[in-house]
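Participant: Spelled out from the first residue to the last, the chains are:
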Amino acid sequence: MQEDPILHSRRSLTLKFDIPISRTHEFWDALRQGRFVTTKCAKCGQVSFPPQSDCPKCMNGEFAWVDLGREATLVTSTYVEIIPASFAENGHYIVAICELTNGLKVLAWLEGIDYEKAKPGMRVKVEGRMSKEGNPYYVFVPA
Amino acid sequence: MTRVAVVGIGHSKFGRRTDVNIAELAFESIKQAVDDAGVDKKDIKNVVVGSLGGWYEEALPAVVVNEYAGLESVGTMRVEAACASGSAAVKAAYNSILSGEGDVAMAVGVEKMTEVDNLTSIELIGRAGSYMWEFENYGMTFPAYYALHAVSHMNKFGTTEEDMSRVAVKAHHYGAMNPLAQFQKEITLEKALASQVVSWPLKLYDACPLTDGSASVILASEEVAKKLTDTPVWIRGVGYSSDSANLSRRGDYVGLRASVEAAKRAYAMSGATPGMVDVATCHDCFTIAELMAYEDLGFCKKGEGAKMIREGQTEVGGRIPVNLDGGLKAKGHPIGATGVSMTVEITKQLRNEAGRHQAPIRNGIGLVHNVGGTGHYAFVTILSRD
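Here the protein sequences come in this chain order: R and L.
Taking my numbering, I'd label the letters of the first sequence as residues 1 to 143.
Taking my numbering, I'd label the letters of the second sequence as residues 144 to 529.
Please note that the accuracy of each hint is not assured.
[To be verified] Keeping only pairs whose Cα atoms sit at most 27 Å apart, straight-line, the calculated DSSO-like set for lysine-lysine is:
#1 R:K119 to L:K450
#2 R:K105 to L:K156
#3 L:K450 to R:K57
#4 L:K445 to R:K105
#5 R:K117 to L:K407
#6 L:K299 to R:K119
It should be emphasised that the hints constitute simulated quantities derived from the structure, not laboratory data.
Values in this document were obtained by computation on a predicted structure and should not be read as measured data.
From just these sequences and the hints, can you work out the full model?
Facilitator: As structure tokens, this is what we get:
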């Protein structure tokens, strides 16, 4: 089949975002020190994950940092084989949603296990990691 | 309050459309819809364009599309509700008539997803959640979001990979009867099951393709609709809802709460019940999504979606035929166009104009179910001959 005539645009567009984190930077600071924390509303006591400086329940803006602990249970997971362009250097990964002991759920990579062995109900724990650019993040590993 | 009817429909060929740009692609369905309605385009008071954008060159698709069609002075806007942008456009056009703004409005859905490379498209859709907490560090993809649901559904209800593949086989079966569908070939269960894993347990044949396409509908007030056509298709109920951006803030992963809520509202508004629906389009961006939709829309009980597909209850001759146009899976899923395309399909069905993939129409009621993202948005629209 003959290909349609195409104009290959000469203008390329690269988007790299500078994302403000000043309101909740303590989350990332704590992660660097090996602690996994989140926000608790000073007025109604709502604990949120991801952390947020304004309470989604009562809309109050005062909060405290609370420790989330590390223990969690796997709720569901998937092995991502086709990965996005910006993760090309990464290879495949397992993404899991796990439930912490306080009932909040967290999405992160599950490392240190073959995917076939990752099952709903299995015990995992949260661990801090550092990207090669120096950004902290967290993963699950088998407990 | 006036009633609002679909009086004109248009639908481009879906697929990889390297022969047209975004405006030319939209024009294909706009022209058909205007001709089908028999309206003078001067009478169109509002054009709402549903498009997600980002993967084609134009930043303001609504004005580009309208200028090309000679509609530049009409009031317009682009609306976004992810993969439900098309249904959001239909709803905005419907609301403009209900508000008395004008008697005729048009909803145009258009998307061009193949002007960038595949992995960039996958990246853009993968960001359709909560960027900071799901994409920045974890590279979520659209299949991965639904795979998390598939694993949960399999674990809780015993749904199998084979059950999901059956949805793909059905989609391709009917897609082969729809000349506008991206895929025109039937597939076997074995072929679907053996296809490449995208995000386990979802495989290539569990996933809708990247698609270019457009669809348009012209809506009119009751007074004008009755002058224009003998076969108006009435919008009887529009329900919509939404859910958290972060999947981690959802209660469970075996259904989409936004779909359940949207359906409840649409049934209540229309007075219809699931048992009265003659034919439906369900949002099958992935095969597991169609099985969850059967349950969320009340076509069966929670956990019995797989039973419905095994028993053929959603084929022609079954209880509620679903996605006889091939669905997102085989017809294609040009994101912003899909909700309008579904509205076109159900209008055709209720007019008995669906040709080889026509469903038997008994009660004269059809249902459009359109999800945005992973249940981030959901729209359910109920259409009726009376």
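Participant: For each hint, tell me whether it holds in the structure or not.
Facilitator: Against the structure, the hints:
1. R:K119 to L:K450: Holds, because 24 Å separates the two Cα atoms, which is no more than 27 Å.
2. R:K105 to L:K156: 43 Å, violated
3. L:K450 to R:K57: 39 Å, violated
4. L:K445 to R:K105: 23 Å, holds
5. R:K117 to L:K407: Violated, because 39 Å separates the two Cα atoms, which is more than 27 Å.
6. L:K299 to R:K119: 12 Å, holds
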